[in-house]
Amino acid sequence: MNPAGKRSWSGLYLFVVFAILYAPILYLVVYSFNSGGTMHGYEGFTLEWYGEVFSDVRLLIIVLNTLVIALFSSAISTVLGVIGALAIYRVRRQQSRNALLSLNNVLIVSPDVVIGASFLILFTMIGLQLGFISVLVAHIAFSVPIVVLMVLPKLQEMNPSLLDAARDLGASGWGVLTKVVLPVIRPGIFAGFFMALTYSLDDFAVTFFVTGNGFSTLSVEIYSRARQGVSLSINALSTLLFLVTIALVIGYYLISLRNSRPAEGGQNR
Amino acid sequence: MKDDAIIRFDQVTMRYGPEDVVLDKVSFELQPGKFYTLLGPSGCGKTTILRLIAGFADPTEGTVYIGDVPMNGVPANKRRVNTVFQDYALFPHLNVFENVAFGLRIKKLKKDVIQAKVSEALRFVNLVGYENRKISEMSGGQRQRVAIARAIVNEPDVLLLDEPLSALDLKLRTEMQVELRELQRRLGITFVFVTHDQEEALAMSDEIYVLNKGRIQQSGTPIDIYDEPINRFVADFIGESNILEGKMIRDYRVEFGGSEFDCVDGGFLPNELVEIVIRPEDLEVVSPEEGKLKVRVESQLFRGVHYEIVGRDRSGNRWLVHSTRSVKVGDEIGLRFGPEAIHVMRFGETEEDFDRRLEAFAEVNHAK
Amino acid sequence: MRSNARNYYLIPYLAWIALFVVAPIALIVYYSFHDIEGGFTLDNYAKFFTPVYLKMALSSFWYALLITLFSLLVAYPTALILTRTKHKQLWLLLIILPSWVNLLLKAYAFIGLFGTYGLANALLETIGIGRKQILFTDFSFVFVAVYIFIPFMILPIFNSLEEMNKSLIHAARDLGASAWTTFRRVIFPLTLGGVKAGCQAVFIPALSLFMLTRLIAGNRVITLGTAIEQHFLVTMDWGMGATIAVFLVIIMALIMVVTGQGRGSIR
Chain A
1 MNPAGKRSWS GLYLFVVFAI LYAPILYLVV YSFNSGGTMH GYEGFTLEWY
51 GEVFSDVRLL IIVLNTLVIA LFSSAISTVL GVIGALAIYR VRRQQSRNAL
101 LSLNNVLIVS PDVVIGASFL ILFTMIGLQL GFISVLVAHI AFSVPIVVLM
151 VLPKLQEMNP SLLDAARDLG ASGWGVLTKV VLPVIRPGIF AGFFMALTYS
201 LDDFAVTFFV TGNGFSTLSV EIYSRARQGV SLSINALSTL LFLVTIALVI
251 GYYLISLRNS RPAEGGQNR
Chain B
1 MKDDAIIRFD QVTMRYGPED VVLDKVSFEL QPGKFYTLLG PSGCGKTTIL
51 RLIAGFADPT EGTVYIGDVP MNGVPANKRR VNTVFQDYAL FPHLNVFENV
101 AFGLRIKKLK KDVIQAKVSE ALRFVNLVGY ENRKISEMSG GQRQRVAIAR
151 AIVNEPDVLL LDEPLSALDL KLRTEMQVEL RELQRRLGIT FVFVTHDQEE
201 ALAMSDEIYV LNKGRIQQSG TPIDIYDEPI NRFVADFIGE SNILEGKMIR
251 DYRVEFGGSE FDCVDGGFLP NELVEIVIRP EDLEVVSPEE GKLKVRVESQ
301 LFRGVHYEIV GRDRSGNRWL VHSTRSVKVG DEIGLRFGPE AIHVMRFGET
351 EEDFDRRLEA FAEVNHAK
Chain C
1 MRSNARNYYL IPYLAWIALF VVAPIALIVY YSFHDIEGGF TLDNYAKFFT
51 PVYLKMALSS FWYALLITLF SLLVAYPTAL ILTRTKHKQL WLLLIILPSW
101 VNLLLKAYAF IGLFGTYGLA NALLETIGIG RKQILFTDFS FVFVAVYIFI
151 PFMILPIFNS LEEMNKSLIH AARDLGASAW TTFRRVIFPL TLGGVKAGCQ
201 AVFIPALSLF MLTRLIAGNR VITLGTAIEQ HFLVTMDWGM GATIAVFLVI
251 IMALIMVVTG QGRGSIR
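Chains as they are written, first to last, in the numbering used here: chain A, 1 to 269; chain B, 1 to 368; chain C, 1 to 267.
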């Protein structure tokens with residue numbers, strides 16, 4: 001029973017876990033500067049692969065595609081998700097509400113292969129050509145329930161007498177929504193948007209199923225390139241993406257920090 | 001009087017289910033410029049009345065009038081009344097200024113008008129200098145004031161207050177009682193104040209409505225209600241009292257506790273069984289010989305301003321006495337009281353019956 | 001109370017549910033009863049119960065179980081230690097950060113790490129074991145899968161540990177329980193909700209992995225997910241693919257019921 005000893009063991013354990021978690025990422029980053037052209041035998045520092053990334057027009061277009069899909073789908077699904085959360089919030093019967101929530105969660109718990117396959121059938125059935133639109137629609141569809149789940153708790157936390165107060169002060173239904181409800185649940189809306197953004201950027205399986213006509217996103221592109229073997233321009237690309245991710249995380253962290261402060265204060269009275 | 005009533009309830013019934021009757025054919029009217037209190041235990045329907053006036057609910061039957069206009073179906077945002085909520089319901093995303101300005105912005109008033117009105121409202125509630133504070137930075141009492149400012153800035157005809165003091169501690173509550181009363185006088189508008197605290201009601205109101213189980217039990221000035229409760233519920237709910245059974249021998253003569261006494265009530269049947277109310281502070285402790293009633297002391301508690309003495313008379317009735325004089329437990333003491341201290345109530349009498357009886361009695365007396 | 005106005009928000013939301021939740025499921029079921037030519041058939045279901053598909057389902061189950069088990073074994077101590085660190089929210093963020101990196105990139109990194117001349121083999125060589133075939137083995141598949149799922153296991157366990165009333169631990173110690181007994185009798189049972197949620201969040205996706213099986217396991221491991229992809233995108237036998245998907249959905253639903261509708265597995 002030596003607390004100091006115990007602490008150092010747990011510290012070591014945590015260190016190993018972190019080392020393994022970050023090893024692949026660091027590995028990618030380190031070798032993105034390798035002039036040797038392989039992911040072993042570091043030969044020397046070079047920026048050649050970054051140059052290759054920026055001169056690869058096809059890759060740049062795909063990056064752009066991915067971003068456009070992510071931004072559009074998360075914006076649209078945020079709107080739909082907020083509407084969905086408001087719809088569920090307004091349903092009074094507990095049973096109907098639970099039924100709606102269960103239906104909402106189907107797409108969250110479903111394996112993405114099944115989602116991809118079923119969307120493929122759906123799009124083929126209604127004659128939607130596979131490509132940009134089908135990928136966009138699919139991303140919107142699977143992001144909506146995530147936004148609903150992020151927004152609904154904020155609605156339920158909201159003091160319902162705020163709505164009475166707003167109407168009492170003369171606000172119409174639309175005024176109550178825009179001047180009170182939406183501002184109060186704003187942290188949830190932001191969190192939902194960010195979640196939708198990451199799900200969209202991260203998605204591979206669903207996109208893989210519903211894409212076509214030469215339209216591709218980064219995940220799908222990396223998959224096909226990785227199957228052909230190692231190419232250090234992917235390393236360079238992943239380093240860049242990693243930097244963007246970190247920037248996003250820091251941004252998200254700062255936003256949630258700023259959002260949570262007044263809310264916490266409110267609870268503490 | 002009907003013409004100048006600012007709020008009128010006409011046979012208003014509120015039902016949430018066939019068995020769940022919250023208000024049962026309630027009728028009353030409120031005059032402008034007065035401070036009204038709806039008083040009753042939780043679930044008596046007082047908050048429902050407030051919600052019906054504010055427009056958060058519509059009556060199942062009957063009509064609510066504001067001014068002389070029926071309000072059924074008119075939404076809350078179209079009514080010239082404003083509410084101070086129990087939990088204040090201040091908007092957490094807006095600062096103090098914007099909270100108060102909320103209603104004015106909805107009306108799309110000009111910027112400088114809004115600025116002027118908000119400043120004036122904040123001056124009214126002594127919150128000048130707090131404009132840019134966040135709600136989370138305000139204390140309970142300050143939030144209360146913001147909520148009041150936010151309501152009165154819209155210059156409503158009626159201000160509704162839903163137990164606004166219940167979240168405050170005792171000292172602050174007493175201060176706010178004085179301030180609210182003062183505010184109502186300065187504004188000159190009607191206040192409808194909901195509370196379950198009888199002391200609050202007695203201290204602040206021009207008129208009190210005592211409610212129980214969806215019906216108005218009694219209405220009147222605080223003094224009327226305190227001195228002339230019409231039934232056991234009101235007597236019990238307002239202040240402390242000795243309530244015991246008795247018999248009305250004839251007008252001005254009543255029997256209880258084994259003796260007959262003179263009293264000031266009349267209009268009963270001969271030998272009618274009645275309930276007697278005597279307030280503990282109307283009883284004077286004297287020697288057994290001097291007393292109209294003899295009581296054996298069972299317990300005594302020191303309450304600060306007075307001693308609270310509990311005793312029992314020979315017929316077994318329990319007597320609560322407030323006295324500045326200390327007595328000994330186990331001693332026999334005498335109780336003295338005047339005829340006007342005895343208040344006689346008919347069993348199960350409603351307010352209308354009570355008024356009718358008094359009128360009839362007065363006419364008979366007049367004829368004599 | 002909420003306003004009595006009609007709930008117009010339901011219209012777009014129900015439309016979304018009908019189009020993207022109900023319709024896809026219905027279509028999957030519909031297709032599972034049809035053959036390649038589009039005629040009605042029960043053959044797909046009959047085929048599913050042949051040894052080939054049953055073995056595949058079983059091995060897919062087995063791998064998912066292994067992945068879940070190893071994830072739990074690594075994640076629980078990590079979560080426990082995390083709750084005792086000083087800046088736990090920051091550490092937690094650092095744990096989650098890698099999960100924000102595109103899945104494909106991480107898989108790709110392991111191709112390099114586990115390759116014949118990769119870092120792992122270099123390590124093995126220096127400690128004297130010598131180079132081994134790591135990539136395209138069961139080990140590499142399970143390892144990478146665990147690597148990818150670990151944050152999803154840590155998060156719910158961490159949350160349930162945080163929710164637990166800390167004075168319960170003091171009470172147990174006060175009543176004479178050793179550290180191990182306290183863990184076994186108090187801490188673990190109280191965090192079972194988080195463990196269940198974590199297992200759910202790992203097991204279901206692990207059952208349907210297909211990208212990793214191709215990149216890391218080199219088609220040695222065929223899961224239900226791989227089979228669906230194969231049928232839909234390679235052999236174009238949508239009926240059979242849909243049948244497997246139906247079974248996957250049923251299994252998933254069963255797991256949800258058994259582990260008791262885990263509270264917010266997404267968080």
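Because the hints were derived from the structure by calculation, they are not lab data. Mixed in with the good hints there might be a few duds.
Claimed, not checked - Covered by chain C, according to a simulated footprint, are these stretches of chain A (three or more residues, beta-carbon under 8 Å):
{"no.": "1", "stretch": "16 to 28"}
{"no.": "2", "stretch": "39 to 50"}
{"no.": "3", "stretch": "59 to 69"}
{"no.": "4", "stretch": "78 to 84"}
{"no.": "5", "stretch": "180 to 190"}
{"no.": "6", "stretch": "210 to 224"}
The model shown is predicted, which means the values in this text are computed figures rather than measured ones. Every residue gets a Cβ at the ideal spot worked out from N, C-alpha and C, and that includes glycine.
So, against the hints stated earlier in the document, which numbers end up violated here? 3, 5
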